[in-house]
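A.B. asks: Next come the chains, spelled out residue by residue.
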Amino acid sequence: MQSEKFGQLDPIIHSRIRLAVLSILISVKEASFNYLKETIGTTDGNLSASLSKLEEAGYISINKTFKGKKPLTTCRISEKGRKAFSAYLKTLETYVSFKK
Amino acid sequence: MNEMQAKDEIRLIQEMIEKTRKITAGSWMFFLVWGIVAILGVAGMYVLVLIEQYSWIWLNWVVFMGIGVVFSIVYGKKHEKQQGARTYPTIATAHVCFACGMAFFLVGFIFPLLKLYAWGLIAVFISLIAGILAFTLGGIYEWNLLKWCGVLWWLGAIGMVFIHENYRALLFVPLLLIGYIMPALVLQSMYHKQSD
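Those protein sequence lines, which keep their order, are chains A and B.
Quick note, the first sequence lines up with residues 1 to 100 if you use this note's numbering.
Quick note, the second sequence lines up with residues 1 to 196 if you use this note's numbering.
What the hints contain is simulated information worked out from the structure, not anything from laboratory work.
Remember, it's a predicted structure, so these values are computed and weren't measured experimentally.
Restricting the straight-line Cα-Cα distance to at most 30 Å, the calculated cross-link-like pairs of lysine-lysine (DSS-like) are:
no., chain 1, residue 1, chain 2, residue 2
1, B, 7, A, 37
2, A, 29, B, 7
3, A, 67, A, 29
4, B, 22, A, 90
5, B, 22, A, 37
6, B, 19, A, 67
7, B, 81, A, 69
8, A, 53, A, 67
9, B, 77, A, 29
10, B, 7, A, 80
11, B, 77, A, 67
12, B, 77, A, 64
13, A, 64, B, 19
14, B, 22, A, 80
15, A, 29, B, 147
16, B, 193, A, 37
17, B, 7, A, 83
18, B, 78, A, 37
19, A, 29, B, 81
20, A, 53, B, 7
21, B, 81, A, 53
22, A, 37, B, 81
A few chain A residues facing chain B, derived, Cβ under 7 Å:
no., residue
23, 24
24, 29
25, 31
26, 39
27, 92
Glycine included, each C-beta is placed from N, C-alpha and C at the ideal position.
Please take these sequences and the hints and turn them into a complete structure.
C.D. replies: As structure tokens, then:
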């Protein structure tokens, strides 16, 4: 009964770290791996796994370059990611407003 | 998923977006340094006018503007590296500042050298461009105080027309204090609040 009234949440985004990553990337042009890690407050391993999943789904693009001798990983949200994030927000709103 | 969890997720989204705003507030140092550099430039120019060394005024501005440009490049690169992310407002700000910087250079140096207008008019045109810069940045940051600073610069440009040309640039001092130093201090306080 409930599942009919509430929208289905995208399972790719429905994780704390992946949702946080998309929330940051939606408001910036690009963000480095370290910035994401520090802002979200997670570990390298967890963030890497989350980024890979988002990249596989086509929601973000990951660019690996070098700045001097240091490796630099930057992430950007894709158009598909924007649409998915927007749809996720709309679905979330149905959960909040439904019980009002 | 229940309502409580949904609210938690919305809170997380808001928190992450708020954190990216800190990057924008971090630009206070540019306002402060350019405000100080410009005030020193005006002071230097006023001294040169007092001792009637008009031919050195251009060098005075080249030195102070040079300091501002070098600082902007060095600090800008360091700041970007430290932040690790590029927001759309910071990208737009960089473009607007570069465009206005070019306009300052053309209006303040090149056009007067080409004798397109009298040197006394430079201060008026500079105020007009400074107003465009402040008003546009106010729009990008959605910050009304900065928009009003832009309006103030335009009023200053009108006021300058009624002042003797030797003293026009002096009106820059209160305009710079209100139009650059004050927003810098407000931004600095916002930045530190967000850091806490």
